[in-house]
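Participant: If you read the protein sequences in the order shown, they are chains A and B.
Per our numbering, the first sequence starts with residue -13, numbered consecutively.
Per our numbering, the second sequence starts with residue -13, numbered consecutively.
These aren't lab readings, by the way, just hints derived from the structure by calculation.
Hints may contain errors.
Unchecked claim - Across the chosen pairs, the derived CB separations fall in these ranges:
#	chain 1	residue 1	chain 2	residue 2	range
1	B	TRP13	A	LEU204	19 to 27 Å
2	B	ARG130	A	TYR243	45 to 53 Å
3	A	GLY96	B	ASN162	49 to 57 Å
4	B	SER282	A	ASN297	18 to 26 Å
Said to hold, decoys possible - With a Cα cut of at most 20 Å, we get these calculated SDA-like pairs of lysine to any residue:
#	chain 1	residue 1	chain 2	residue 2
5	A	LYS119	A	LEU99
6	A	LYS373	A	SER318
7	B	LYS385	B	THR348
8	B	LYS(-9)	A	SER32
9	A	LYS20	B	TYR3
10	B	LYS20	A	GLU0
11	B	LYS373	B	VAL389
12	B	LYS43	A	GLU44
13	A	LYS208	A	GLY177
14	A	LYS(-9)	B	ASP37
15	A	LYS208	B	GLU0
16	B	LYS186	A	ASN62
17	A	LYS119	B	LEU204
18	A	LYS257	A	GLY366
19	A	LYS95	B	THR381
20	A	LYS286	B	ASN302
21	B	LYS378	A	HIS143
22	B	LYS20	B	TYR243
23	A	LYS186	A	ILE240
24	A	LYS133	A	ASP159
25	B	LYS354	A	SER282
26	A	LYS146	B	PRO202
27	B	LYS169	A	ASP63
28	A	LYS156	A	ARG(-11)
29	A	LYS43	A	ASP75
30	B	LYS305	B	THR369
Stated by the list, open to error - These stretches of chain A come out as covered by chain B in the derived footprint (C-beta under 8 Å, 3 or more residues):
#	segment
31	94 to 103
32	271 to 284
For glycine and all other residues, C-beta sits at the position ideal for the given N, C-alpha and C.
There are 2 protein chains.
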Amino acid sequence: MARTKAEIITIGDEILYGQIVDTNSQWMSQELDKVGIKTVRKTTISDERTDILGAFKEAESRADIILITGGLGPTNDDLTKPCLAEYFDSKIALDNEALAEVTEFFKSKGLELSDINRQQAFLPECCVRVPNKIGTAPGMWVERNGKVFVSMPGVPHEMKMMMEEVVIPKLQDIFNTEVIFHKLIKTVGIGESWLSEEIKVWEDNLPEHIRLAYLPSLGQVKLRLTAVGDDLDQLKADVEEQIAILKTYAGKYIYGYDRDQMETAVGDLLKKSGKTIALAESCTGGYVTHLITSVSGSSKYFQGSIVPYHNDFKINVLKVDEKAILGHGAVSEPTIIEMANNVRKLFNADIGIATSGIAGPTGGTPEKPVGTIWIAYADGNETVTKKLQLWKDRTLNIKATAVALLNLVRISLSKTIEIKD
Amino acid sequence: MARTKAEIITIGDEILYGQIVDTNSQWMSQELDKVGIKTVRKTTISDERTDILGAFKEAESRADIILITGGLGPTNDDLTKPCLAEYFDSKIALDNEALAEVTEFFKSKGLELSDINRQQAFLPECCVRVPNKIGTAPGMWVERNGKVFVSMPGVPHEMKMMMEEVVIPKLQDIFNTEVIFHKLIKTVGIGESWLSEEIKVWEDNLPEHIRLAYLPSLGQVKLRLTAVGDDLDQLKADVEEQIAILKTYAGKYIYGYDRDQMETAVGDLLKKSGKTIALAESCTGGYVTHLITSVSGSSKYFQGSIVPYHNDFKINVLKVDEKAILGHGAVSEPTIIEMANNVRKLFNADIGIATSGIAGPTGGTPEKPVGTIWIAYADGNETVTKKLQLWKDRTLNIKATAVALLNLVRISLSKTIEIKD
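For reference, chain A alone in the conformation it holds in the complex:
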């Protein structure tokens, strides 16, 4: 069976001139791949009529599906809409549903619809409107001679919502796609090369229709299994069978699958255990709290957090023993133990976790160079501490510390839940 082919056209000078990185087309081709549609070309062009019309024509000659992002703003430099009308020999007219949508959008913000935004409700008559729930520019869907054109805004979250809710399901309906099943297995606490050694036997014995890829990121390694065949249920079962075997080699490093994140995995463990958590963050400056509270429903287990950046507040607000800080410094095991235990009490939580270190790029000493970071977990029964020796980069240090700290919680909670089970 020939695979359905898609091309992605990105319109916008800011990507062409390199002012922003195009992450949209990466995400789009991944989503297409998941439903068996092969991206055969990605093209980026400027907001110029002849370039846009030329790109439409070339793409139509090669692909079944042409996905277009960008060039949909209300200002004069945005040309996607008039070009679509011209290409499909169609008039631009007021779409009443689009008008109701954009009026409602402004009303929900307590605003009147301005003339310039009213323009957003005018669409080429050849197009079916793709609703935009979180922005002002609707998407446009056109079919001709078995080929599909879809135009979407370049704003990533608007494009993603349209793709997930409308475009991908509709494309799956229209095109009879080959079945591909991907599964991401997410590991933490082991590097790529060590992991590959631990799971070598499993990897070497994977069946032919299942491929493995390693996708490493900061402190984590994702394993992607890709199964290709005719029957989705069979593929899913085959993959699950392989994951069951994988667990016997590397189960303790696996924290989740697919869209799971460390913070959702830890959130699930907290919910399962019925325990609550509080944080004292120094060098991570609120980032771990942000991760935990970014999960919907986290108010069930997250009690509170404090970022006492200076020693005064560690002593006065968090009640860290002055002797620990003055004797050993803020970046030390005695201080981090106090921080984790005291924040539990301050916010009346079952578990307290803490970070203290030198995130950088400045502030290091010969004994405690930039990247020296202490983390701790305390639950009243046990206190676990860990010293990290990371890099010179502030952003990387903050992110890697967050992963390591969440992993401490994951390991401790997994043990207690296993014992209970």
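With chain A fixed as given, assemble chain B onto it according to the hints.
Facilitator: Then chain B, alone, in the frame of chain A:
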């Protein structure tokens, strides 16, 4: 003068299928732009002979310069080299300098040259070799009928070294390039369409050699000015002159330029004013603290932060008046005023800022639907509050609230600094 045009062709399935983000082409178009070469198209294709040859032909018909990355590995699935030979009707032969280079490369690592890597020294006879000091695949340069093709490895640091040391200088020699100057002006607190109305007179009167583009993102709009001419210093002066006029229309919305971010702009204002800040975050769950502390040197002005997720801690730790919470709710003006003022005192800071709201996606009521968020600024002299009515999406609400809150600080600090000046 017509601008020299370049097209960038990226060859490789891993970018096409979305397994990695293409950052090469962004960097390349930035470098080309700096020397006045305009990127008119970026194309990503797979390692397939017909796709590669077709892309060469199309690009040659449009552009003066065709830069190609990827598909240069020693394995059979890499086809750029044979395709170049075929396209230019040329034979592949051993290049002795390339052989010496790749042999030396392996020797420097204490390795023998393998047969497969010896293949790297075979090049199409039509090509001039571009040396690769840090990898095994040389680049290739071909000229025909005034057009230049350059093939480089897809490995970012190898490509960058070739571009910087050989390709860009050679292109500048050959093409008599124009000078281009870009400047980003970053605004906050006004939507794209309203901003375009406020600055219409200025926009309509921009000189011909300066173009304007609107780049909106969550709560912010970037304006990009692009000036084209012969003399860089003159262009910079022309752009500065236009920015001075722009400020008379929209100065109060401008928080920075080019790489400035809201958190760095606010950090600069705090440093300039000599004031310190503390945060009480409820619905933003540590995100604003994370932004502020992500700036290197923020410990000079950031005192501390607290995320009291439940009413108990707002009352017991932050000492919010029980009557405010019980009478009006946690998401209310009386409570947010207490939060901002009390967190100032808790962390002994000049300024206290606070957020409280329903980030969603659940937890709303008819009077306070999801997306109802209060923010406040307090500095002992004045307390400023604002009610936001945002969306159903938790992540967007958190990010948009952060922008709005940092903007409150920016507006208040700008006033006090102006008065002092």
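Participant: Run every hint past the structure and note whether it holds.
Facilitator: Each hint, compared with the structure:
no., hint, in the structure
1, TRP13(B) - LEU204(A): 19 to 27 Å, "holds, 22 Å"
2, ARG130(B) - TYR243(A): 45 to 53 Å, "holds, 52 Å"
3, GLY96(A) - ASN162(B): 49 to 57 Å, "holds, 55 Å"
4, SER282(B) - ASN297(A): 18 to 26 Å, "holds, 20 Å"
5, LYS119(A) - LEU99(A), "holds, 16 Å"
6, LYS373(A) - SER318(A), "holds, 9 Å"
7, LYS385(B) - THR348(B), "holds, 17 Å"
8, LYS(-9)(B) - SER32(A), "holds, 12 Å"
9, LYS20(A) - TYR3(B), "holds, 10 Å"
10, LYS20(B) - GLU0(A), "holds, 14 Å"
11, LYS373(B) - VAL389(B), "holds, 13 Å"
12, LYS43(B) - GLU44(A), "holds, 13 Å"
13, LYS208(A) - GLY177(A), "holds, 11 Å"
14, LYS(-9)(A) - ASP37(B), "holds, 13 Å"
15, LYS208(A) - GLU0(B), "holds, 16 Å"
16, LYS186(B) - ASN62(A), "holds, 12 Å"
17, LYS119(A) - LEU204(B), "holds, 15 Å"
18, LYS257(A) - GLY366(A), "holds, 18 Å"
19, LYS95(A) - THR381(B), "holds, 18 Å"
20, LYS286(A) - ASN302(B), "holds, 19 Å"
21, LYS378(B) - HIS143(A), "holds, 13 Å"
22, LYS20(B) - TYR243(B), "holds, 18 Å"
23, LYS186(A) - ILE240(A), "holds, 16 Å"
24, LYS133(A) - ASP159(A), "holds, 14 Å"
25, LYS354(B) - SER282(A), "holds, 18 Å"
26, LYS146(A) - PRO202(B), "holds, 17 Å"
27, LYS169(B) - ASP63(A), "holds, 18 Å"
28, LYS156(A) - ARG(-11)(A), "holds, 17 Å"
29, LYS43(A) - ASP75(A), "holds, 13 Å"
30, LYS305(B) - THR369(B), "holds, 18 Å"
31, 94 to 103, "holds (count 6)"
32, 271 to 284, "holds (count 12)"
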